[in-house]
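S.K.: Make the full structure from the sequences, and use the hints.
Number of protein chains: 2
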Amino acid sequence: MKRAEVIAETKFLRLLGRDGWHYVERQRTSGVVAIVPVTHDNKLVLVEQYRVPVDCRVIELPAGLAGDLAGSEDEGLEQAARRELLEETGYRAGRLKRLFHGPVSAGLSNEHLTFFLAKKIKKVDAGGGDATETITVHEVPVAGVARWLRRQEKAGKTVDVKVYAGLYALRTH
Amino acid sequence: MKRAEVIAETKFLRLLGRDGWHYVERQRTSGVVAIVPVTHDNKLVLVEQYRVPVDCRVIELPAGLAGDLAGSEDEGLEQAARRELLEETGYRAGRLKRLFHGPVSAGLSNEHLTFFLAKKIKKVDAGGGDATETITVHEVPVAGVARWLRRQEKAGKTVDVKVYAGLYALRTH
Chain A
0 MKRAEVIAET KFLRLLGRDG WHYVERQRTS GVVAIVPVTH DNKLVLVEQY
50 RVPVDCRVIE LPAGLAGDLA GSEDEGLEQA ARRELLEETG YRAGRLKRLF
100 HGPVSAGLSN EHLTFFLAKK IKKVDAGGGD ATETITVHEV PVAGVARWLR
150 RQEKAGKTVD VKVYAGLYAL RTH
Chain B
0 MKRAEVIAET KFLRLLGRDG WHYVERQRTS GVVAIVPVTH DNKLVLVEQY
50 RVPVDCRVIE LPAGLAGDLA GSEDEGLEQA ARRELLEETG YRAGRLKRLF
100 HGPVSAGLSN EHLTFFLAKK IKKVDAGGGD ATETITVHEV PVAGVARWLR
150 RQEKAGKTVD VKVYAGLYAL RTH
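Each protein sequence line maps, in turn, to chains A and B. Taken in order, the first sequence gives residues 0 to 172; the numbers are from numbering that gives the first Met the number 0. Taken in order, the second sequence gives residues 0 to 172; the numbers are from numbering that gives the first Met the number 0.
You may find that some hints are simply not true.
Which copy is meant is left open, so a pair is good if it fits within one copy or across any two.
In silico DSSO-like links for lysine-lysine, alpha-carbon gap of 30 Å or less [as the list claims (entries may be wrong)]:
hint : residue 1 : residue 2
1    : K96       : K42
2    : K1        : K153
3    : K122      : K42
4    : K96       : K10
5    : K153      : K96
6    : K10       : K121
7    : K42       : K1
If you are wondering where the hints come from, they were derived from the structure by calculation, not from laboratory data. Everything numeric in this text was worked out from a predicted model, so none of it was measured.
M.R.: Here it is, written out as structure tokens:
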């Protein structure tokens with residue numbers, strides 16, 4: 000593979016070019032994780048936060064970057080999933096099941112996501128994210144998630160399409 | 000909303016900054032569409048192509064940009080979905096059903112995707128993409144898609160996670 004040319008670089012992102020194609024890469028991370036978290040009474044735990052790029056409050060699966068904290072550059076994906084779930088939602092995961100792994104926008108970035116299923120999670124903290132985040136936690140009965148998502152959209156929020164990949168996982172596990 | 004600062008700009012992408020957040024925007028497009036195409040005998044039509052950003056052959060839903068062709072800047076999303084399906088797979092869609100719409104990587108880009116379900120599509124051409132694309136078309140029985148995807152991964156390809164959002168749509172429609 001020919002080496003990519005760096006077109007621009009910031010603290011967080013690099014804009015790269017290779018074979019006439021331009022794309023973006025995150026800096027200082029070893030991977031991105033998303034968690035499909037389900038409580039013992041069959042509620043899906045989703046998060047809501049304002050996202051600058053889309054200028055909107057977005058309903059998402061708990062998710063985050065692995066190895067992005069100074070001193071934890073060798074953090075594994077499962078460890079990151081566990082940390083992000085706890086930070087964002089206040090839920091502690093038992094066993095995590097790896098669901099699938101792949102790019103999410105293969106024409107635009109080299110970002111890969113790894114999805115984990117976390118069943119029978121336990122509330123141990125308030126959640127809400129780290130010092131830089133303001134996250135609202137939602138616990139939604141699995142049977143009514145699709146309806147609930149429509150209501151959120153009517154209220155002016157938007158739904159990350161990865162949520163639907165999570166719902167597929169719920170239907171098949 | 001404060002106006003975003005342009006950090007870098009190429010023919011295809013802009014790297015933007017706002018409120019200390021950096022993200023990327025596609026140039027010259029009015030939206031991105033993805034299609035969940037199903038044949039009359041219940042096969043899901045998927046495409047495979049080499050993607051420069053991830054340096055790998057990727058299994059994806061047929062998808063593309065609306066309004067990215069000179070002279071068609073006002074192309075609607077449904078029209079783009081119809082065109083991309085035909086270009087990439089050689090299948091012509093009848094009625095399209097809008098499934099969902101949302102960001103796919105709300106921390107990294109302002110890209111929004113709109114998903115359409117296309118049932119009872121009809122093969123009218125070879126497909127394979129436009130002059131710049133080399134696309135392989137796969138017709139996979141819906142009942143065996145999950146197993147088929149695992150086999151593709153074992154063969155060294157990767158699966159775009161949006162495929163799983165498509166599979167959720169298939170389960171619910």
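S.K.: Please go over all the hints and tell whether each is borne out by the structure.
M.R.: Evaluated hints:
Within a single copy, K96 and K42 get their C-alpha atoms as close as 17 Å, and across copies as close as 29 Å, so both meet the 30 Å cut-off. Within a single copy, K1 and K153 get their C-alpha atoms only as close as 47 Å, which misses the 30 Å cut-off; across copies the closest is 25 Å, which meets it. Within a single copy, K122 and K42 get their C-alpha atoms as close as 12 Å, which meets the 30 Å cut-off; across copies the closest is 42 Å, which misses it. Proximity of K96 and K10 under a CA criterion of 30 Å is satisfied in neither setting, with 33 Å inside one chain copy and 41 Å between copies.
In this assembly of identical chains, K153 and K96 lie within 30 Å of each other by CA distance solely across copies; the values are 19 Å between and 33 Å within a copy. Proximity of K10 to K121 under the C-alpha cut-off of 30 Å is found in neither arrangement, the shortest distances being 35 Å within a copy and 48 Å between copies. Neither within a single protomer nor between protomers do K42 and K1 lie at most 30 Å apart by alpha-carbon distance, with minima of 47 Å and 37 Å respectively.
Of the numbered hints listed earlier, those contradicted by the structure are 4, 6 and 7.
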